[in-house]
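Chemist: Protein chains in written order, with my numbering: chain A, 1 to 269; chain B, 1 to 269; chain C, 1 to 309; chain D, 1 to 309.
There's no promise every hint is true.
Claimed, not checked - Covered stretches of chain B (chain C as the covering partner; in silico rule of three or more C-beta atoms under 8 Å from a C-beta of chain C):
1. 60-66
2. 224-235
To be verified - Simulated pairs of lysine to aspartate or glutamate, DMTMM-like, Cα-Cα distance not exceeding 20 Å:
3. 190/A x 175/A
4. 26/B x 98/B
5. 95/B x 98/A
6. 228/B x 207/C
7. 16/A x 278/D
Treat the hints as calculated values from the structure; they're not laboratory data. Note that CB positions come from ideal geometry on N, CA and C, so glycine has one too.
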Amino acid sequence: MTSRMTRKTAEDTLHKTVCRVEGVSKEGGECVLLTLDAPEIAKLAVPGQFVMVKCTDGACPLLRRPISIASAREDKIFLLVQPVGTGTRWLCERKAGDSIDVIGPLGNGFTLPGAGENILVSGGLGAPPLLFLARILADMGKQAVSLLGAGSSSRLVLKNEMAAVCKDVFISTEDGSEGTKGLVTDLVSKLAPKSTANIFACGPLPMLARVAEIAEKASSCQVSLEAKMACGYGACMGCAVPAANGGYLHVCTQGPVFPSKLVMWRNPL
Amino acid sequence: MTSRMTRKTAEDTLHKTVCRVEGVSKEGGECVLLTLDAPEIAKLAVPGQFVMVKCTDGACPLLRRPISIASAREDKIFLLVQPVGTGTRWLCERKAGDSIDVIGPLGNGFTLPGAGENILVSGGLGAPPLLFLARILADMGKQAVSLLGAGSSSRLVLKNEMAAVCKDVFISTEDGSEGTKGLVTDLVSKLAPKSTANIFACGPLPMLARVAEIAEKASSCQVSLEAKMACGYGACMGCAVPAANGGYLHVCTQGPVFPSKLVMWRNPL
Amino acid sequence: MSRDTSRLKTDIAGMNLSTPLIAASGTFGYGDEHKGLCDLDCLGAIAAKGISLLPRIGNLPPRIHETPSGLLNAIGLENVGVEAFLEDKLPFLAKARPACIVNILGESFDEYAQLSSRLDGIPGIDMLEVNVSCPNVEEGGLSFGVDPDLVAKVTKTVKSATALPVMLKLTPMAGAKLAETALAAQEAGADAISLINTIGAMEIDIERKRPVLGNVSGGLSGPAIRPVALKMVFDVASMVDIPVVGIGGITSARDVIAFLLAGASAVQVGTGLLIDPDLPCTMLDGIEDYMDRHGIARLSDITGALELP
Amino acid sequence: MSRDTSRLKTDIAGMNLSTPLIAASGTFGYGDEHKGLCDLDCLGAIAAKGISLLPRIGNLPPRIHETPSGLLNAIGLENVGVEAFLEDKLPFLAKARPACIVNILGESFDEYAQLSSRLDGIPGIDMLEVNVSCPNVEEGGLSFGVDPDLVAKVTKTVKSATALPVMLKLTPMAGAKLAETALAAQEAGADAISLINTIGAMEIDIERKRPVLGNVSGGLSGPAIRPVALKMVFDVASMVDIPVVGIGGITSARDVIAFLLAGASAVQVGTGLLIDPDLPCTMLDGIEDYMDRHGIARLSDITGALELP
Ligand SMILES: Cc1cc2nc3c(=O)[nH]c(=O)nc-3n(C[C@H](O)[C@H](O)[C@H](O)COP(=O)(O)OP(=O)(O)OC[C@H]3O[C@@H](n4cnc5c(N)ncnc54)[C@H](O)[C@@H]3O)c2cc1C
Ligand SMILES: Cc1cc2nc3c(=O)[nH]c(=O)nc-3n(C[C@H](O)[C@H](O)[C@H](O)COP(=O)(O)OP(=O)(O)OC[C@H]3O[C@@H](n4cnc5c(N)ncnc54)[C@H](O)[C@@H]3O)c2cc1C
Ligand SMILES: Cc1cc2nc3c(=O)[nH]c(=O)nc-3n(C[C@H](O)[C@H](O)[C@H](O)COP(=O)(O)O)c2cc1C
Ligand SMILES: Cc1cc2nc3c(=O)[nH]c(=O)nc-3n(C[C@H](O)[C@H](O)[C@H](O)COP(=O)(O)O)c2cc1C
Ligand code: FES
Ligand code: FES
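Next up, chain A with everything else stripped away, as it sits in the complex:
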């Protein structure tokens, strides 16, 4: 690994801003891609970071929701949101011109790779931070292969966006409705990453665990984890996940991106 382009949030400045929704577009799986005007956050954001979003005009739900930054360009940040509950449903109902209260950029990002092939593995809604990463890699002239997995074709997200910046995009669906039938981790196995490969993965925990296993001999394997968060910036100690060496990792400040070797994969939660 070479340059660590991101930093711990505690050493930097965070922003809380009420920003305008500039655009809204539908994606697969009922997801919505929001474009927000958030210059302070856009300026600082790096792939892997997230924002904490207030998902109400009133008081319910109480807590902000963590959402990955799916890209940052000029003054804008992009969020891809899947409606799974009260908060994300509210977000998906926003219209251009509405306001959203956002804190960010939070957490660390992916450590950018030196040499070697770059493999981006997204399961389910893992694609957003990896799209941001793919775009930055492309800007840097580095090539990447994107593996996208989903339950079925209709639930795939950011496929075209990924294709625009990656050397190859391979798709797997559990029902076989698009690409290879099976899990995205099968694609990783098939690719048989070399020891020079840099693997970047985001998705459900069992998928990450399997990627970490397959990637044992890769040059590096970074995973982006999820945890319930109350604050998102290191104040509450709520976002702990068990560490490989005993003790806990804090997803919001030490992560969400971790070298896979730091994470306790057996019964992690």
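For chain A, the structure is supplied; the task is to place chains B, C and D with the ligands on it using the hints.
Modeler: Quick look at chains B, C and D with the ligands alone, frame taken from chain A:
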């Protein structure tokens, strides 16, 4: 007084229905007039009754809000809503085609008058139930005079609707921007209701107290009261207001319309 | 009704309930206020509004106030008194299919004794639920329910005055002593325990610099208190051997099942019913769906089935 | 900063606060996590995350869960331990304008004694806040805070080990005994009282049939508990003569004023800060507006000014 066209809810059937918003129009004072498709309720409703409205798609606010039935025609009921807090603001943001969960018709209504002149006194947002009453009186071939009071001209509601069915409409505004400058109770004093007059009043408590006082010698004076309500149908005992003879009246089942003589007007709350 | 609720049956101290859903006292009146709003057949029982020896006119208004996800009330136990209850209200309750639980409250042991013996042997009553949240006039105003000894004494008083099954309704104000009060009730002969009653609370109108309730403070109910109630039910159910009825902020099938898993044999729905009187029917659908998905044959298989880490 | 907060000044047991807003322990880390999110000058004091003698890694996740208008947490008092605190964390807190309150917790009297004497005389610390919600290992796991005698003993232990002002942080789990615990603390020499800590609670994942928290149960905070906290603050403030700091679900200027009217001299903001770290500044605007509208010259004129019917 003659026929009591309304009844205690406990003797009849109530309806809980998720109804469609058929139309939305703006009124004075940021109020919104909602037309709801609610055939079961429309069929039964009489002037003075109200509905309990769930003011959220989610879980907050917790309690339904009481809103007067501002008229019922064929399958429709009309609600005039003033945005004062979370619940009423949510209601005022509804669009045609949305759904609203409503329980009604609740409470008793005005006792319809026999002979004599009918004076309808509305202060602030007191007009909705009195418009319903005015329309029914017109249908019955009885004449009514409507006194409408508001803080200023821009906050007057249902003026034209009242004018369409009343013999006369007199207006007062506190800032003198329309009609007589002053309180609507001054208009009542000026009219000097005869002993044959039937007075119907709805509005803030101090206004009702003053109307009750002026109307002491009128043939009848009925007032529509407000109280915080948890259920609206007699189950919780939350909506008590002090009665003239000691003890309490329950606004949701015994009211909201009461003969003014039953109400304790000194320090009523 | 067409619903087959046979696998939803439950039994609390010999009282048969066709469903595990009980209308909580004070939130369903005397059962006859809901014409058309609630299919009573979805309820296993109705706990009537708390009854005292003499009628009570209740507290000075305002009596209710909404708080974040909660309802603050100080009704002051307004009720018609036991004689009018028997005359005017019981006939409807006795006739309705849900079992009839009479919730009683006294301000002295003697009042509890008189009430219980007056209700003893009256057809149509299936159980007494003893509200011990009331201030105890003999002991200086603290509620009976916060002291295990007083809870035991109230229980014995009621038990010796009636042959009806007796359910003690615990108050969360007992705090760290809650499990002790539950054990005291059990040892004194209670047939079942219900919990929780409302949690003491208040709200202030800062513009008028006054409490919002006429009674200064009141009791908090609704979803806000649900996680507190759930822990109390879990704690008590793991201590006692008699059936436990869970109460507090239950507003969905999910909530019902959570309380059953925590150890309740049935639940009461209060504030949720005030808002959605048809909630019991919706809940039964959800409970049946859950039982289907998890292959659960009998409701009692859910009770206490929580797995601990 | 440009805001003139002179009329917002308050004094708690000799500790000067430029505003009545204190960051509640455990919800503001060690004060240095918020770069850019909070103008620290809006805070009168920061109560640091609870410190124990030795570092604690905290509880098994999941540690937090959202409930209706509430936050359920079982962090397990994860902290760096007193030595690392003094080395790494205190310097920032000591330098910042808000006063520095160190929140301490022990599992035995001896731990409280050692912690207090270790912190005694260290520049930059303005007050100790004693968390008595922790399970008491010597007395079988019930928390110190539910028993007035134990509260008195902890207070004496801490007071005799330090010259710093000592604020006892009461737990709502004392229930009906709460006012007694407050009086016990006062008599044992506490300089101030803060309340409430979180209320014991739990939530269940019905699909997995397991508690949602790794620790089975946790503590409830946030707006859901505000009416309960407000009553407890009112009850305690009417009993004791030492200053009371109100805590529990405070998320607006209105809430701050309600707690002051109920008798608090200052307040702590916890869950509200996690969500909106800039809340203190918004609150100050609202408090000043209120003082303007009501012609109130000094903050202390609000404390206890509630009028009863
Ligand atoms: C670092 C990070 C990045 C994320 N990025 C994205 C993203 O780019 N797009 C996206 O759609 N989602 C993302 N998520 C997930 C998203 O935060 C949750 O879907 C959201 O919090 C659910 O909130 P809700 O109110 O819609 O659902 P709820 O009704 O609260 O619950 C629905 C489900 O979401 C889970 N959940 C609830 N609160 C949280 C929380 N605070 N943190 C994590 N999970 C929670 C619940 O356990 C439940 O399974 C991310 C999560 C993390 C931790
Ligand atoms: C019988 C009756 C008929 C009514 N008819 C109408 C009508 O036709 N149109 C209309 O706009 N309003 C009407 N109201 C008033 C309306 O119910 C309140 O404005 C509404 O409940 C406020 O809710 P909110 O969430 O918007 O405000 P909140 O944020 O809850 O509070 C704003 C204000 O409304 C008051 N309020 C809150 N809850 C209630 C409640 N359950 N009952 C009464 N007051 C409450 C509060 O004390 C506060 O002053 C009527 C009230 C009653 C009792
Ligand atoms: C308006 C109201 C009136 C109540 N009256 C009584 C009562 O008379 N007797 C009683 O034991 N409990 C009474 N309760 C408490 C409820 O039965 C129940 O224990 C409590 O509300 C918690 O349940 P919930 O959150 O589902 O409402 C009352 C509650 C409310 C909200
Ligand atoms: C995540 C979290 C961690 C907490 N940690 C502590 C602690 O270390 N020491 C303590 O005394 N209180 C702790 N508390 C309790 C708070 O200081 C406060 O008393 C409680 O949350 C109620 O206030 P609130 O509703 O404003 O959050 C913690 C609360 C939360 C939510
Ligand atoms: S979410 Fe609060 S510390 Fe990570
Ligand atoms: S509002 Fe419940 S009885 Fe009137």
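Chemist: Need the list of violated hint numbers for this structure, in ascending order.
Modeler: Hints that this structure does not satisfy do not exist here, as all of them hold.
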